[in-house]
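S.K.: Please work from the sequences and hints to get the whole structure.
Number of protein chains: 2
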Amino acid sequence: MIGLTNYAGVMESLMNSAEEKQPSSPLTNSWAKKQESSKSQKPNGVGGFVLVHAGAGYHSESKAKEYKHVCKRACQRAVDQLKAGALAVEAVAAALVELEDSPFTNAGMGSNLNLSGEIECDASIMDGKSLHFGAVGALSGIRNPVMVANRLLSEAQKGKLSAGRIPPCFLVGRGAHDWAVSHGIPPCPSDKMATKFSLSAYKRNKRKMELAEKMDTGHNQTKKRRQSSENENGSGCLDTVGAVVVDLEGNVAAAVSSGGLAMKHPGRVGQAAHYGCGCWAENACNMNSYSTAVSTSGCGEHLIRTMLARECSAAMQSEDAHQALLEAMQNKFISEITHFCLLWEIKPFVLYGFLFLSNLCSGCFIVLNLCMDILEFLWSHTTESMCVGYMSAQDSKAKTHISRLPPGTVPGQSLAIEGGVCRLMGVVE
Amino acid sequence: MIGLTNYAGVMESLMNSAEEKQPSSPLTNSWAKKQESSKSQKPNGVGGFVLVHAGAGYHSESKAKEYKHVCKRACQRAVDQLKAGALAVEAVAAALVELEDSPFTNAGMGSNLNLSGEIECDASIMDGKSLHFGAVGALSGIRNPVMVANRLLSEAQKGKLSAGRIPPCFLVGRGAHDWAVSHGIPPCPSDKMATKFSLSAYKRNKRKMELAEKMDTGHNQTKKRRQSSENENGSGCLDTVGAVVVDLEGNVAAAVSSGGLAMKHPGRVGQAAHYGCGCWAENACNMNSYSTAVSTSGCGEHLIRTMLARECSAAMQSEDAHQALLEAMQNKFISEITHFCLLWEIKPFVLYGFLFLSNLCSGCFIVLNLCMDILEFLWSHTTESMCVGYMSAQDSKAKTHISRLPPGTVPGQSLAIEGGVCRLMGVVE
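Heads up: the protein sequence lines correspond to chains C and Z, in order.
Counting in this note's numbering, the first sequence runs from 1 upward without gaps.
Counting in this note's numbering, the second sequence runs from 1 upward without gaps.
Hints listed in this document are in silico derivations from the structure and should not be mistaken for laboratory results.
The list treats identical chains as one, so a pair stands whether inside a single copy or across any two.
Using 25 Å as the maximum straight-line C-alpha spacing, the simulated DSS-like pairs for lysine-lysine come out as follows:
| hint | residue 1 | residue 2 |
| --- | --- | --- |
| 1 | LYS72 | LYS83 |
| 2 | LYS65 | LYS196 |
| 3 | LYS203 | LYS192 |
| 4 | LYS65 | LYS397 |
| 5 | LYS206 | LYS158 |
| 6 | LYS397 | LYS68 |
| 7 | LYS63 | LYS203 |
| 8 | LYS214 | LYS160 |
| 9 | LYS160 | LYS208 |
| 10 | LYS63 | LYS399 |
| 11 | LYS83 | LYS397 |
| 12 | LYS160 | LYS206 |
| 13 | LYS158 | LYS214 |
| 14 | LYS208 | LYS158 |
| 15 | LYS160 | LYS203 |
Computed from a prediction, not measured in an experiment: that's the story for all the values here.
M.R.: Have a look at this one:
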C-alpha cells in the first residue's frame, strides 16, 4: 500500500539582504523527522511521486488556470506511468511531454522564437539509477525534444554501437533532428510548433529590437550595449520547464526542456542542455545516503556557470541537509559565484545557502530529496512567480500552486522558498 | 627582465594498480620552493609562458617530427603574441589556430570525418581574468573553430546586445557558422578541410563498420552491441588539442579544439565544447591563491561526466597542491567516478589523486599553476603517447617532447605524469 501520511506545512521566506539572519529551515525539521523515521522502519521501496514546474518567469493571473491545469496534467501523466510500472526516467519524460505540449509554456509547442523566427529547443534528462544523461540542443522540427533526449539516454544504456563506436549523449541541430527521425520520432514542421501567442510575441520583440537599435544609432557601440537595460527576456516570458520523479522502486529522475531566450541567435544552446546545469538525479547508494533529483530554470548563460542542478544535489547528500546546503554553497558555490559577481561588478545576495545574482539572473528550481520513506520536496524562485504541481501515486489528483513574490518586492532581489514533506510507504517487497 | 631560471627535472611515474603507494610528487617539492620564494620576493608581474599538446592518442614514430613541429610552431605563435603585448586569451587562441591548421591533428584542418563524411568541430576557450567562456559545437565550414569560440567570448565581454538581449556563450551547428561569418570570420568549404589522411581513414573506418555490422547480422541487437569491442576511436586516432598560457601580466587562459570521434553521428558534441570539461582558467584572486589553467583531451562522452578541467583546477588551489589533489579527487572526483564505475561495471584505477577509467576512457591533460613568480606545468596521459611543447617568452625556441607509455604497458591502464617548474621574473612594474 502506498501511504501518503503527511504533507508538511508550506513555508515561505522572503529576504532582501544576504546579511540578515538565516530563516529556520523546513529541511532541518524534516531531516530530524527523517532520522527518527529511519530508526523505526526500513521499507524495501517507496510510493511514486512527481513534482513539476511550468518555468521561471511571470505567470499572469489571467492565465493562472491554464498554468495550473498543465501542471496538473503533467503530474497525472507521470503518475499514470508510475502506476503502470514505468521507471522514474520514463515517468519524468511523460510529464515533460505534457509540459512541452502546452502552448502556454516556453518548451516544445509555443516556444520562444529565435532571431530568425524559428523555434529551436534544448532539453535534457538524467536517470538517477544508471546516472546516464541524454541531451539535445538547438533542435528544430521535433514536437517533443525531451523524447529525443530520453531516447539518447536509453540508446546509450544499450552499450557501444557497431565497430566499438561510443553512442552519443548530446546531439545538436540538424544532426539531432535526423537522429530522432531515424529512431522513429516523427518530425513536426516548425511552423506548426509556433502559436498565435509566440508569433505575436516575436513580432513585438522584433519591433522593440529595431526601435532600440534605431535609438542607439550614432552612439558608441560599446556604450550603446552597456546602457541598454531593457530586457526582452524579463517578466512576461517564461523559461525552462522541468520535473522530478520518484518511482515505485525509489529510483529518481529529472528532466528539463526549454525554447530558450526570446530572440536568441540561431544555434544558441542554454543551460537546459548542459550536463550538471539543467537537471540532476542520483539514487542513494553506498556513497550517497539520499536520492536527489533537481530541475532548474533561468537565464542559461548565467546558470551554466553555476552548475546549479549538480551543486544543489551535492548539498542535499549530507545527513543535516540545512547545514550541508550552507556549507557546500559557502565553500564552493557561493565563493565561486561571488567571484564572478566581483569580476562583473554585480551584486549577489545570499539566502539559505543559495545565491542569486541581483538584477542579473532570475531563476527557480525544484528539488526532491528521498531518505528511506521520507520524501522532501521544495521549490524556490527569484522570479515574479512560479507555478508548480505535485502528486503522489496514491493521490486521486495533483495539487497545484502559484507562488508569487509579495507586492513591492523586486524579482531577482527577493527569494521565495516553499516545500513539503511526505511519507511514502513501501510497496515493493 | 624575464628570467627563466629553472626547468625542474621531468618526473615520470607508471603504475598498474590503485593500491600501490603514491609516488613522490613534483608538486610537493615545487610548492615548498614556492613558499620560500613568496617570502623573499613579490614581483608585480611574470613572464609569459605557453604549454600546448597535440591530442590524446597515438603519435607514430614516423610522424613524430611533424607532431613536434606543430607544437613548436604553436608555442612560437603564442609567444609572438605575448611579446606583442597580447593577453593570455589572445595568445592561447593563436596557439590553437596553429594546432588546428596542422593536417596531422584532429582539430580544424584534417579533423576526423563524421558518419556522413563531413567535418564538424567543437572548441572552447576560457579567460582566467574575466572568467568568460566561449564555445562552439558541431561547427562545419570554418577553418578555425577556436576563433569563433574566442569571438563569442570577446563579444560577451562587451555586455548586453540591443534591447537587453544576453549575448550567447555557446553556439552550435549552422547557427554558429552563420554567426561566425556575420562577425567577419571567413567560411571555408568542408571539403577543403578534409585531408588525404582523414579521407582515407574515413573510408577505412566505413569499411570496418560495414564489416562489423555484416558479421553481427542475425545476432540479438543488444548482444551484438555489447560484444562489439573493437574501437575505431582507440589507438591510431588523436583527440582534442589544447593549450594553456600565462601572459606578461600573469593572467591565465586555456583552450581546446577537436574534430571529435571518428564516425560520430552528425550533430554530436563532445567535451571540448562543454563548460568545465574541456578547459578551465582562473586567475589568482582573494579566494584563489593560485592562477590555474587546464586543458583536457579524451573520450568526450566520459570526460563530460568527470568535469575534469574544472576539478583539476579546483584541486590546484590549495597551498599543498599534492595533498589537495589527493583530497579533492578522493572526496568528490574519485568517489563520483567510482560510483559511475560501479554502476557501469568497469574497473577504475587511481594514481596521484587522478582517476582514469580502465579500458574505457583514455585521455590526457595539461596544467599550468602559477603562484607569484613560480610557474608549475605538468602533463599526464593514459593514452599510448602524448606530444607536448612549451616555451617561455624569454626562450628563443620551444622545447618539445613525446611522452610514451613504456613497452608492455596497456593504454588506459597505465598513467604517465611529467612536468616541470620554472621561475618567471616580474616584468610589469
